[in-house]
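**Q** If you want the building blocks of each chain, they are given just below.
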Amino acid sequence: MTNKVAIIGVGIEGFRSSIRELSYKEMVYQAAVKAYSDAQVNPRDDVDTFISCEEDFNMGTSITDEYAPDQIGGAQRPVHTITGDGIQGMAAAYMQIKTGMFDIAVVEAQSRASDILTHNQIQHFALDPLYVRQFDATHHTAAALEKQIYLKRSNTSEDAVAEVAVKNHNNALFNPNAAYGIKATKQDILQSKMIATPLRSGEVSESADGAVVIVLASEKGIGNRDVDPVWINGISYATNSPNFHTRDWQTAKYAELCAKKAYEMASITNPKSQIDVFEIDDTYAFKELQHLEALGIYESGEAGKALLNGELGRKGSNPVNTSGGTIGMGNGHDVNGLQRVAEVVHQLRGHAGKRQISGAKTGLAFSWRGVPTTAGAIAVLGGN
Amino acid sequence: MDVRGKRLTLDEFMNTELSVKHYPEMEYNWATGVAITKFLKGLKNGKILGTYCNDCDRTVCPPRMFCEECFNPMNHYVKLPDTGVINTFSLAFIRTDATRREKAEIPAVIDIDGTSISPSGFLHLIDEDVSHDKIKIGMKVKAVWKDEKDRIGDITDIKFFELLEDD
Numbered sequence: 001m002t003n004k005v006a007i008i009g010v011g012i013e014g015f016r017s018s019i020r021e022l023s024y025k026e027m028v029y030q031a032a033v034k035a036y037s038d039a040q041v042n043p044r045d046d047v048d049t050f051i052s053c054e055e056d057f058n059m060g061t062s063i064t065d066e067y068a069p070d071q072i073g074g075a076q077r078p079v080h081t082i083t084g085d086g087i088q089g090m091a092a093a094y095m096q097i098k099t100g101m102f103d104i105a106v107v108e109a110q111s112r113a114s115d116i117l118t119h120n121q122i123q124h125f126a127l128d129p130l131y132v133r134q135f136d137a138t139h140h141t142a143a144a145l146e147k148q149i150y151l152k153r154s155n156t157s158e159d160a161v162a163e164v165a166v167k168n169h170n171n172a173l174f175n176p177n178a179a180y181g182i183k184a185t186k187q188d189i190l191q192s193k194m195i196a197t198p199l200r201s202g203e204v205s206e207s208a209d210g211a212v213v214i215v216l217a218s219e220k221g222i223g224n225r226d227v228d229p230v231w232i233n234g235i236s237y238a239t240n241s242p243n244f245h246t247r248d249w250q251t252a253k254y255a256e257l258c259a260k261k262a263y264e265m266a267s268i269t270n271p272k273s274q275i276d277v278f279e280i281d282d283t284y285a286f287k288e289l290q291h292l293e294a295l296g297i298y299e300s301g302e303a304g305k306a307l308l309n310g311e312l313g314r315k316g317s318n319p320v321n322t323s324g325g326t327i328g329m330g331n332g333h334d335v336n337g338l339q340r341v342a343e344v345v346h347q348l349r350g351h352a353g354k355r356q357i358s359g360a361k362t363g364l365a366f367s368w369r370g371v372p373t374t375a376g377a378i379a380v381l382g383g384n
Numbered sequence: 001m002d003v004r005g006k007r008l009t010l011d012e013f014m015n016t017e018l019s020v021k022h023y024p025e026m027e028y029n030w031a032t033g034v035a036i037t038k039f040l041k042g043l044k045n046g047k048i049l050g051t052y053c054n055d056c057d058r059t060v061c062p063p064r065m066f067c068e069e070c071f072n073p074m075n076h077y078v079k080l081p082d083t084g085v086i087n088t089f090s091l092a093f094i095r096t097d098a099t100r101r102e103k104a105e106i107p108a109v110i111d112i113d114g115t116s117i118s119p120s121g122f123l124h125l126i127d128e129d130v131s132h133d134k135i136k137i138g139m140k141v142k143a144v145w146k147d148e149k150d151r152i153g154d155i156t157d158i159k160f161f162e163l164l165e166d167d
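Protein chains in written order, with my numbering: chain A, 1 to 384; chain B, 1 to 167.
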């Protein structure tokens, strides 16, 4: 037994700009039922460990993990919370299965952005309180600071950045789980309101509500189940620096760090040629390009050019964010990573409908925890 | 009030050390969803609702869209009586801001009659005017409702639970 780990079930509820007819628990339940049906598991008997990815301030409840079990079938079972992105939770589940003590693990993440009335304040609250939070700059300012130096040092054009948003909004038109499928044009993005130079509102992913539940299993956990496993060949996460004055603003160092480890695990030496589909964080349009370069898929300054050449489109050689990314599906905050993973699973199973990339065998999902963090997580998924 | 430790004055607490203050604005507007919306609308109409799980043969209160025991949907809503039993209670003398109450508030977990297998219900209050030594675990209680015109679809549409004297 090689103790390999696979994703055997995925369930998505949403994403929509707001889901007001369901409580957050009911929304997660809907995603969980779909995931368990896909994975052919009964959560009450078959699952050994449950992981919920959520943050107290996003949920509006302190010690919010106490409320996580019921809606994922984990009542009075082993459940714990990862305060972070869904791929970080998936890495924890992967490691638990690797110990040999667990055969089936569940990872859940969700966004209830519509339940939060003062979202900007919650984001602002993440800044260092002693000598950063005093400035009345929105969290988008941190992204603007980053974009400014990224464009300059990589010599990337505003046209390329705008085309990221255009591509992802248009890809989302083909994804029934996307909140923001829009026939957008470059002019729409370039003429949108300036938030903080050089960042315009059209480049920023809008929040959305939704939940993703995934089921992971060892070979023993798969057993005789009639499932379509997608194997986790590499998984990792990394953080650069929390401080504005010590972080690397130009490159997404965290992406470089975690990719190195995941590629090593998955025996990837040339990600551009060895990986068929890419789901890459695009919380802000420029981040897709910056992340592609930090992940070693393109050299510095080349990702924007590749996009303008059509390489990153659905018909291009390196399709990125066929799901629509967070710009197209909606910014799910803690669940963004699992949005990315879910799309790679759909692609590798051949279930992506009109978005399907024919012959996709290996995929990469990369998430960033959003401003003001420098934390990223990656999963390299594939067939046998 | 006797508490251990050295009591600081407000001035000492706020001004003796250089510190940074921040007062976050955090506001939420939670969607109540399918089951709790029905529950709250029931309260507005003077009714306590639960849901029945066919697979587990049990009724729970407040209602839920799904059964956390068998993980199947729960669609069968039932009207329950507005009576129940004190599961546990306390005489509470401290408010959330740490100031002291002269007259105790009496939070109690009420198991609503008609819920089954393991009884369920909710946290509420016992009439604070009752003599404290009369309150016992297992005692029967009944909801005292606000006037219909004052009910808004909230757990506080029930003012408190009064003791039923029959035992």
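I should point out that these hints are in silico values taken from the structure, not numbers from a laboratory. The reader is advised that the hints may include incorrect statements.
Just some of the chain B residues that point at chain A, by a computed CB distance under 7 Å [to be verified]:
id	residue
1	Y23
2	E25
3	E27
4	A31
The C-beta atom is built at its ideal place from N, Cα and C for all residues, glycine as well.
**Q** Each hint: holds or not?
**A** Now for the hints, and whether the structure bears them out:
| no. | hint | in the structure |
| --- | --- | --- |
| 1 | Y23 | 10 Å, violated |
| 2 | E25 | 5 Å, holds |
| 3 | E27 | 4 Å, holds |
| 4 | A31 | 5 Å, holds |
Hint violations for this structure: number 1 only, all remaining hints satisfied.
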